[in-house]
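These protein sequences, in sequence, are chains G, Y, V and D.
For the first sequence, position 144 (counting from the first letter as 1) is numbered 361 according to this note's numbering, and the numbering increases by one without interruption.
For the second sequence, position 189 (counting from the first letter as 1) is numbered 1228 according to this note's numbering, and the numbering increases by one without interruption.
For the third sequence, position 644 (counting from the first letter as 1) is numbered 933 according to this note's numbering, and the numbering increases by one without interruption.
For the fourth sequence, position 247 (counting from the first letter as 1) is numbered 491 according to this note's numbering, and the numbering increases by one without interruption.
Hints listed in this document are in silico derivations from the structure and should not be mistaken for laboratory results.
Note that this is a predicted model, so its numbers are computed, not measured.
Glycine is no exception: its CB is placed at the ideal position from the N, C-alpha and C atoms.
Treat each hint with caution, since some may be false.
[What the hints assert, rightly or not] With a straight-line cut-off of 27 Å between C-alpha atoms, the simulated BS3-like cross-links for lysine-lysine are:
| no. | chain 1 | residue 1 | chain 2 | residue 2 |
| --- | --- | --- | --- | --- |
| 1 | D | K697 | D | K394 |
| 2 | D | K345 | D | K513 |
| 3 | V | K921 | D | K680 |
| 4 | Y | K1306 | Y | K1093 |
| 5 | G | K304 | D | K394 |
| 6 | Y | K1093 | V | K452 |
| 7 | D | K426 | V | K452 |
| 8 | D | K513 | V | K397 |
| 9 | D | K426 | D | K345 |
[To be verified] Computed footprint of chain G on chain D, listed as stretches where at least three residues anywhere in the stretch have a Cβ under 8 Å from a Cβ of chain G:
| no. | segment |
| --- | --- |
| 10 | 253–263 |
| 11 | 349–359 |
| 12 | 371–379 |
| 13 | 566–572 |
| 14 | 597–605 |
One-letter residues, chain by chain:
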Amino acid sequence: MKQHIIVNSQTIDVLAVMMLMATVLHISTSRLTTCVWAYAIRSFILACASGLIAYYSGIYHIFITTGITLVIKVVIIPGFLFYIIKKVGIKKEVESYLSFTLSLLCSCGVILIAYYATEPIIRFESTFMRHCLPVSIAITLVGFFTMITRKKAITQILGLLAMEDGLFFAALSTSYGMPLIVELGVFFDILVSVIIMGIYVYRIKETFETTDTGFLRELRE
Amino acid sequence: MIQLIILPILQIVVIVGLSPLVKGFINKTEARFQCRRGPSLFQPYYNLTKLLRKDAVVSETASWIFRATPYVTFISILIIALLVPVLSSTVPANFTGDVILVIYLFALGRFFLVLSSLDTGSAFGGIGGSREMAISSMAEPAMMLSVFTVAIISGSTNLSNITQAMLSYKLLSPALFLALAALVIVIIAEAGRIPVDNPFTHLELTMIHEGMILEFSGRYLALIEWASCMKLLILLTILVNTFLPWGVASGLTFPGLIISFAFYVVKIGFFALLIAIVESSFAKVRLFRIPNLLGTSFILAVLAIITHYIVS
Amino acid sequence: MVEHLFIISIILFAAGSLFALCFYRWQMLGNYISLILAAIASCFNIAIATSVLFNHSAIRFNFLLYHAIIKYSFLIDSLSAIFILAISVVSFIASIYSLGYTKLYVNKRDTRFLGFNFNFFLLSMILVVTANNALVFMIVWELMTLVSFFLVIFEYENPLNRKAGFVYLFMSYICAVFISVAFFIMFSYVKTWTFDFDSFRYAGDVMPAICKNIVFFLVLIGFGIKAGIFPLHLWLPLAHPAAPGNVSMVMSGVMIKTAIYGFIRFYFEFLTPCPPWWGVIILIIGAASAILGILYALMEKDIKTLLAYSSVENIGIILIAIGLSMIFKSYNLMALSSLAMVAGLYHVLNHAVFKSLLFGCAGNIYYSTHTKNIEQLGGLIKRLQITAPLFLVGALAISAIPPLNGFMSEWLVFQSLLNGSNIPSVIVKVLTAICGATVALTGALVATCFVKAFGISFLALPRSEHAQHAKEVPVIMYVSMGLLAGLCVFMGLFPVKIMMTVNHASTELLGVNIAKAITSYDWLQTKTLQTNFSEISPQSATVFGLMFLAITVGAMTLINPGFTKKLYETWTCGISPEPRFGYTATAFSKPFRIIFSNLYRPRLEIKTTYSVPKYFVKSIMYISEITPIFEKYFYAPLSRYVLSISNKVRWIHTGSVHMYLVYIFITLLISMLAIRW
Amino acid sequence: MLISILLVIPLITAIACVFIKKHNISKYISVAGSFTLLLYNIYLSYNIYLNHSLKELNGFFYVDALSLLTAQIVSVVGFAAALYSIGYMDAELHEAEFPEKRLRWYYFLFHIFIFTMLAVCVTNNLGIMWVAIEATTLSTTFLVGFYNKKPHQEAAWKYIIICTVGITLALFGVILTYHSSKDVIGEIGHALNWTDLLAVADRFEPHTMKLAFLFIIIGYGTKAGLAPMHTWLPDAHSQAPSPISALFSGVLLNCSLYGIIRFHIISSKCLGPNYSCTLLMAFGLISVIVSIPFILVQRDYKRLFAFSSIEHIGFIALGLGFGGMYSIYGAELHTFNHAVAKSLLFFCGGNLFLKYKTREMESIKGIIRTMPVTGVILIIAVFAITGIPPFNIFVSEFIVLADAFSSGSAFVLIFTSLLIVFLVLIFIGYINNIFKMIFSEPTDNIVRGEVNKFTIAAMCFLLVFVLIISFYVPPIMREILSQISDIIRNT
C-alpha cells in the first residue's frame, strides 16, 4: 500500500487517547462489572477506529475486521465474561496487591516508558498518527500491569484482553491492519483462549473454592 | 688380574676383620672414660666366635623371613664392602655400582631386619623396627644431600672416582666441610650410637637396634652383630676416604697399599675415638628430639650444596 | 599387517565385552570368554607396540566413520607404543588374573557388566594413547572415565563405594573440561576444523606466550586430576580401593599413566618451546605429590588405600623426571633432557608392573580374607604361602631395593637430578638438589610404608578370624602375579634392555639418541648403564651377592656343622604370646604421626571406663585419626558454599503467577529502556 | 501439495482418534498416524535435500532446511511419544487416574498439538506462525491439566496465563516488524511473508525493527523457556503426562525458538547481526545461570529435567548468538540432540512415576535393581544430557564451544568461560541427584520388573538416535545443518 492516504489523524489520535482513558478507568475502578464495561467500551472505540481507518484508507477488508471486532470483542467476550461472573459467583470487588492510587501512578510511569521507548520511531514517523504507536504500547503494558496487580483470575483475563486491544490498535493504526487471514486467525485464537481461561476459572473455583490466583502456590521450589 | 682378585679379597678381609676391633676399641675407650678397665679390645671377636658355635632358639611365630634376614643383612654389607675404596682409590668392583647403590643396599639390610623384628610378633621388635625406620628415613635425605655435594664437586657418584677427585682436590672447601659435618651426624644416627641410640641398653623402652634383634640367637645373632659392626666401619670408611682421602694409594703398589693401610687405621681410629668421646660426653636424646638433630644435619647439607653452587 | 593386528585387537575387545553381556544364564562362561579374548587382544597390542618400537615405524589409521566434521584418526608412534606396552602387559596379566578373581562374585551378583566394562576399559585406554584427534581423544578419554566409574561402583551397595564413584566422576568431568578448554584455546590459533593432533603439533610456535601459559595450567590441572597429583588427588584414594581387585590393578597400574601420556604429548609436542619455569613447576608439584602421597600412605590401615596413595607418590616421582626433562629441554641440554625422559618413562613401566603386582596381591588377600584392613590381618605368610613372597617382591621393588626394577628407575632419576648441576640458573640447581633429597626421603618413607604393609599383614600372629582361616587363592591368580614378580626381577636385572626400548620414544620426542652414551660393558660382558656421573651393573652386584651367599653359608656350615634350631615361643616378659601383643599398623606409624604432626593434625581421644570400684579400669578406648587437610580446608567449604548460594537463590520460584508475570514485565521494561542506548 | 499433506496427516489422525469411541483402537491409530508422518517427513526431507527449499500455495507454505529440521524433530519425537503414550496411558488408566472417555481427547489433542507445531514449521507467513504458536498453547492447556487435580489445574493456569501474555507480546513484535516493513514491502497479500520480508529486510526502519525483535525474543522466549520468562515451564512439565512433557521440552521449545530464529535472521539483515546476537547471548546465558541452583538442589526429577531443558535452550540461544558458522551448526545439532535425549529422559521419568508413584527423588531407590532396562537407559540419557563424551550432546557442545573460542572476541570468550563453569556445576547437580536414585538398595515393597513393552520400545527408538548421533552424523543431516547455518547467517 504505497499510495499515501491522508487519514484525518486528529480523530484517530483522539480515539487513541480515549482508549487509553478506558484502560485507565479499568485500573481505577474497583467494581468488576465496571472493568468488563470498560473493556467493552474500549473494544467499541477500537471498532470505531478501525471503521474510520477502513473508510479513509479504502482498504475494505478492514471493514471485515471491524465487524468481527464488534461481534467478538464488544458482544461475545463481555457477554461470556458476565456469564462466567454470574455462574462462578465472584464477589463484585476487585482485589489488588497495590492500592489504586499507587497502581495509577505505576501505570503513568509505564505510559511514560512507552512514549520514551517509541520516541525514536515516531520521530521519523510522518506527521499523522503520532500517538497511535505509543498509546497502543501503553495500553498493552498497562493491561500487563493489571494482570500483575489483580488477584482474581477473571481480572487477569481482563488484563490480557486489554493487552490484545492495544495490540489490535497498533496493528490498525500503524499499518492498516494485518493481512485478513492473520486477523482471522488472531481473532479465533483470542476467542478460544478466553473461553479456555473461562473454563479454568470455573474449574479453579470448583476445586480451590476461590478465584484468587494468589492462592495457587502449590507448585514452587 | 691383581686388581680384580687380590684387592677385593683384601678389602673384604680388612672390613670384615677390622670391624669388630673398631667396636672393641670404642667400648674400651668409653670404659676408660668411665674410669673402668673395661673389656678387652678383642672382646667382640670372642663374642662372635662364641655365638657362631652356639645353636639357635627361634621363635615359633617366626617365618622364613626371620631365618633369611641375617644372611641378607650380612651379604648386603659384604657387597657394599666391595664398592667402598678402603686401601686403594681404584675400587675393583667400581662398575658394579655407586654410592646410591651403597645407600640402597643399606636399605635392603634394614628392610629385612625390620621385617624380622615384626616377624616374631613381640612388641619390642615392633618398637625397635618402627623407630629404626623413622630415624633412618629422617637420616636418608641428609645423607643423600651430603653425598650429592661431594658427587657434584667430584663429578661422579662412584666412590672411587670421588676419592680420586678428592685426592687431587687438596683443600677442604666450606661446602665439603658442611657436608662432612652433616655426614658425621648421619653416620652416628645410622650406626645407632649415642645420642641417637644406645647400643648397650636393654631397657625395653629405649631400645632401637637392640630391640629389633632381641629374638635372634646363635649364628643369626652373630651375623647380625657382625653386620652392624661392618656397617659402622664402612660408614666411617666412606667418611674418611672420600672427604679426607689423605694417604689413600692411587696405584696398586704393595708399599703404597701398606702406607695407605696405616693412614686408614689412623683415620678410622681417630673417628672411633671421636665417637667414643661423643658417646661418653652426651646423653641419649629423647626419641622425638632426634628429628631436630637430623634436621640440623639436613640443613647443613643443604647449605653445603648452596655454598658450592654459589661459590663455583 | 600391524594395522590389521590393531583393528583385530579392537574387535576382540568389543567382542569380549559383548560376550560378557549376552551370556545371562552362564554368566561365568561369558565372563571367561570375554576375559580370554581381552588377554589375546592384549597380546596383539604387545606385538604391535614392540614392532612399532623396533621398526621405528609410526602407524596411522583413519577410520572412515567420520563425525560431523571430524575424522576418527589414530596414530601409534613410539611414545604411544611405550604406553601401549605398559597398558597391554598389565591388561594381559589383569585379564588372566580376573579369571580367578571373578570367582568372588559368582552367583552373588551380575558379573556381565563387570566383563563388559572391563573389556571396554582396557580398550579405551589403548585408544586414549593412540587417538590422534582432539575430539576423538576427548571421547575415548571420557569413555575410559565412564567405564572405570562403573567398575568403581560395581559393588554399589556399599555407600562408601558410591561416594567414591561420584567423587571420581565429578573430578574427572572437571578434568575433561579443563583439557577440552586447553584444546579450544590451542584450536583457536590453529584453526583447522579437523581437530587433528597433527595440526596441534608445534602449535606452540604460533601461540602467544600468555595463551601458552594458560594452556599449560589448564593441562596441568586437567591431567593432574587424572594423575592424582596433590591437591587434586581427592578421588584417587577413594576410587582405587572401591573398585574390584582386578580393576584397581589396572586403574592404579596404568590408567593414571594416561595422564602422564597427556602431559608428555602436550608439553613436548604441542606447546614447545616451553619456558624453564614450567619445568620447575612440574618438578615442585612432583616432589610435593611424592612426599605428601607417601606420608598419607604411611597412615593408612586399608591396604588398597595405602597402595592408592603410593600411586600418588610414584606419579610424583615420574613428574619429577618429566619436569627435569622439560627444564633441560628449555635450557637446550638435549642429552640430559633425554636422560631424564628415559628415567621417567622407565619409572612409568616399573610402576605399572609392581603396582599391579601389589594390587593383585592385595586382591588375593581380599579374596581369601574378605577384609582390606591390615589391622585385621597378620600371620598370612603361613597361610598364603605363595602370595606372601610375591607381595614381598612387589614391596621390595616399590621401595627401590636393589636389584629390583624400582631401584633402577630411581637410580636414573637420581642421576638426572645430579645433572641438574649443569643448569645455568643457581636457584634451579639448588632446587634439583633439594628434589634429590626429597626423593631420598620419599624412598625411605616408601620403605617404611611397605615394611608396615608387608610386616603387619603377613607376619606375626593372625589378629582376626578372617586371617586365621585364610586359604591360598586359586592357582591362576598367583601364577599371573608370579609373572609380574618375574618381570620385576627381569626389569631390575637387565635395565639396559628396558632402557633401550624406552629410549626410542625419548629419541623421537627430543631428537637425541643417548643409547650409546649411557651403556657400557662390565666384566660379565653384559651391558650396564652408565651416565656421565656413574655406572651401575645390577647383574654383577647380584652375582657378587650370590657368591657371598655361597661363601657365608659354606663358612657357617664349616664352623658349626651340627647346627640345630630350637623352636620356642617368643619372649613376651614371661606371658605366653598373644596376637594382641604384636605391633599394629597404627602403632608402627606412630613415630611419623608425631614427627609430622602439624601436617597430619592427628585427633587423639582416649576413653576410659571404670568398673564399679573406681580403681579398676574396665576398658580403655583409644581413637586416633588424622585430618585430610585438602578435603577439610578446601573441598568441603567449597561445596558447602555453592549449595548455600543455590539454596538462597531458589526462592525466585515463589509459585505465585503474579510474581512470574512481574519477572516478564520487568524484563520487558528494562530492555525497552536499554535499547535506547 | 507436498507440504499440505504433511499438515493433513496429523489432522486426519486427530479426527479419527476422536471419532473412534474405543480407545484401544484409537491408540493404535495415533501410532500409525505418527509413523506415517515420520516416513512422509523423511521423504520430504529427501526432497528438500535435493532442491534446497520448497514453496506452496503461492508462497504461503515455505520449507527450507531450518524448518525441515524442526519438522523432523517434531515427527521423530512425536512418533516416540505416541508409542510411549500407549504404554503410559494404559498404565495410568489401569490405575484409574482419569475417566476412560477422556483418553480419546488425549489422543485428539496430542495430534492437534503435533499439527500446530508442524504448522509453525512450514508456514511462511509470520502472522500465521504466531497463530500456530498460540494454538500450541491452547491445544496443550488441557493436556497439562489432564488429570484435572489441584496441582494440574494450577500448572495449567500458570501455563496458559504466562504463555498467552508472552505470546501477545510476540504478536506486538510481529506487528512492529510489519510496521517497519510497510514502507518498503509492496503488495499487501504477501505482507508478513518471511521470504518477501527477508528480501527487502535491509531497507526496514531500524528503530522499529529493534523494538520488534525485543518484543519477539521476550514473547516467543517465554514460550521457548528462556529465563526469566521460563517460570511456567517446570510446573507444566512436571504436571503434564510424561509423553506430553517429552513433547514439550523436546519439540515445543524448539518450535518457539524456531520463531525467534526467523526474526533473528530478518533483524540481523536489517540491523546487522550484533544486536540480535547480543540479545540471544544475554538471554541464553541468563537461562543457563538461572537453571543451575534448581538443578543443584532439587527434589522432583521431572522439575529437574525441566530446568535442564531451560539450560539447554539457553545453550542453543548462546550458540546462535555466537554466530560463527560452526557454532550455529553445533547449536542446530544441539537442538536435535537435546530433543531426543531430553524426551528419552522424560520417558524414563514416566516409567519411574508409573513404578514408584512419586516424583520425589529421595523416595526412589535402586532403579538398577527394580527396572534394569530403564535404569541403564536412564544412565545413558543422563550422561548424554550432561554432555559427557562419547554421547551426542557432547559433540554439539564441543563444536559450539570450539567455535566460540576461535571467534576470538573477548566478549564471547568471557561468556564461553562462564558457560563452561556452569556446565560443570550442572553436571554435578545432575549426577548427584539422579545417581542416588539409580544405585542404591531398593526398598522392599517395590515389585521388580519393567512397566510394559511399549514404553521400552519408545525409549529404545530414541536411544538409537542418541547413539547414532554420538558416533556418526549421517551426510544428509550434515548437509541440512550446514544449509541451516548458511540460512541463519543469510550468506
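When the hints from earlier in the document are held up against this structure, which numbers fail? The structure breaks hints 1, 2, 4, 6, 7, 8, 9, 10, 11, 13, 14; every other hint is satisfied.
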